[in-house]
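Line by line, the protein sequences are chains A and B. Note that our numbering has the first sequence beginning at 1, numbered continuously upward. Note that our numbering has the second sequence beginning at 1, numbered continuously upward.
Treat the hints as calculated values from the structure; they're not laboratory data. Note that this is a predicted model, so its numbers are computed, not measured. Positions of the beta carbon are idealized from the N, C-alpha and C atoms, including for glycine. Be aware that a few hints might be false.
To be verified - A short list of chain B residues far from chain A (calculated; beta carbon distances all over 10 Å):
no., residue
1, Ile61
2, Thr82
3, Asp104
Claimed, not checked - Between beta-carbon pairs, the in silico distance windows are:
no., chain 1, residue 1, chain 2, residue 2, range
4, A, Lys256, B, Asn102, 52 to 60 Å
5, B, Gln83, A, Gln33, 51 to 59 Å
6, B, Gln183, A, Lys284, 53 to 61 Å
7, A, Lys226, B, Lys22, 25 to 33 Å
Unchecked claim - Only some residues are given here: those of chain B computed to face chain A with a beta carbon under 7 Å:
no., residue
8, Tyr155
9, Val203
10, Asp238
These are the residues of each chain, in order.
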Amino acid sequence: MKIVVFSESPPHYRMASALAQGFNAELIGISPQPQKLTDVNYVYDKLDEDGLVDFISSLSPDVVITGSVRRDRAIASRVAGRLRLPYIPDAVSLGIEGNVIKVTRTAYSGIALVDVTANIPAVITVAGTSIQPKEKETKVEKLSFKEGRIKTLSVKSTTSGASPATAQIVIGVGRGMGSKENVNYAEELAKSLGGVVGGSRPVCADLHWVSEDRQIGLSGLRIRPKLYIALGISGQPQHIAGIRDSKVIVAVNKDKDAPILENADYLVVGDAVEFCKLMKEKFKR
Amino acid sequence: MNIVVGFKIVPDDTMIKATGDKIFLDVPLKISTYDKNAIEEAILLKEKMGGKVIGITVGNIERKSVREALAMGVDEVLAIKTQKADVYSTSLAITENIKAFNPDLVIFGEQTVDSGTSGVPGYVAEILGLPYLSNVKSLTIEGNLIKVERGMVSYVEEDETQLPAVISVGGEINTPRIPSVRQIMESAKKPVREVEFNPEPKVSIGEPKPLIVNRKKTIIEGNMSEAVDKLISQLREDGVL
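Only chain A is shown next, with the shape it has when bound in the complex (with noise of 0.2 Å):
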């Protein structure tokens, strides 16, 4: 059996490699960085998404795992779809049986599982697993594409330090924080706690109160902290996807029935601004 791994982002990989090194499988990675988790190791330097769909198909696996960033969702769809796969994503565990797969995904933006099942070969993402991979002997070998049909004119990082995605305290902004100004509150009570801010969707990507790469929700970051603080955040179901694992939930609005309620463990009924004074205040003392 053949499995081939990809992840644009180096935690995405590592999540893929696990699963896969439940397999008595030879092992294929691709990935920008080299990492020691497959038995070979295919390391490029400038992605062209045709290319790599060219390429893992070259490869005729019988399971292609990847992680669940964008980038990886897009790769691992038309890969199924250039093969005629099924394509399954968002596994948080996964079983073969002969030539049946069996996967538990999340569904509902996380509100459910959902076990299904397929023949292999089939495409699949990883959304979730505690379970760590093993360093292995790696060959490591170079990978570079031609230009496909895609051209790229430009990539602009938006990484703006920590991330939400590691830090152990959260301070989540909403629309309901009311301005990006009223963001520096959020930020002096993150310093003073020890965390890291991140936003809604909406407040990153569109509003930009909050830089884009700390997003949290069901397409961008899922976060694990054991402290998330949400400040005017209401509690759409994609942005709830991204905080459930979070270990304790509080949440500030002025609204006692927002929905976020039902996903927190405590809601502060009140302004997020004057919350954020008082609760840095009180903190240092």
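The hints should help you fit chain B onto chain A, whose structure is shown.
Okay, now just chain B, sitting in the frame of chain A:
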């Protein structure tokens, strides 16, 4: 320009509740959130460049949601009824039924709020043999060239390719219009073609089971200063501060 826009009719995600060991899916239906952005973008392009917008929906073909797409400005809808579907069979239902239309651009929302696979746009692109640009947050078209900005969370990538092409769009690209009463009335006259198409899916999908995280749901009200004191002592007790 011939534009095809795919949209999915789904249970309203803000109303789905998990109770005990069941997911309560018998809630009002709606057009999936980003699929409305896809419809809006198709209409904006048509308004700017002329042409025709064909909507295509696979699975549940509820009349009210189909009407909403038409009222927004879609010219006609192809409603494909399927019993069970996966990414493969949905993609096949789309490609088999739009080939004759020869689209210059096929637009989808980047992720639905039900199964949320984000798999159909890329799968469709491969069946049609067209280039695929995912997660588009802005676009311009000049002649046969489409130039896009793609929001990839940790970076923004500017790409271009030749039409025909397939794209997926997110919530940043536009604000979907709310149709007027007159547009809603007039949408009744627009053509809807209903088709049954049941290719065998490649993935068999079980019953969804709730994934419940029990939360305390404690409301702390009143004077903010006292509320914060109370919260801090609770969080210390929980061992997270």
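So, going through the hints one by one against the coordinates:
no., hint, result
1, Ile61, "20 Å, holds"
2, Thr82, "16 Å, holds"
3, Asp104, "15 Å, holds"
4, A:Lys256 x B:Asn102: 52 to 60 Å, "54 Å, holds"
5, B:Gln83 x A:Gln33: 51 to 59 Å, "45 Å, violated"
6, B:Gln183 x A:Lys284: 53 to 61 Å, "56 Å, holds"
7, A:Lys226 x B:Lys22: 25 to 33 Å, "31 Å, holds"
8, Tyr155, "5 Å, holds"
9, Val203, "5 Å, holds"
10, Asp238, "5 Å, holds"
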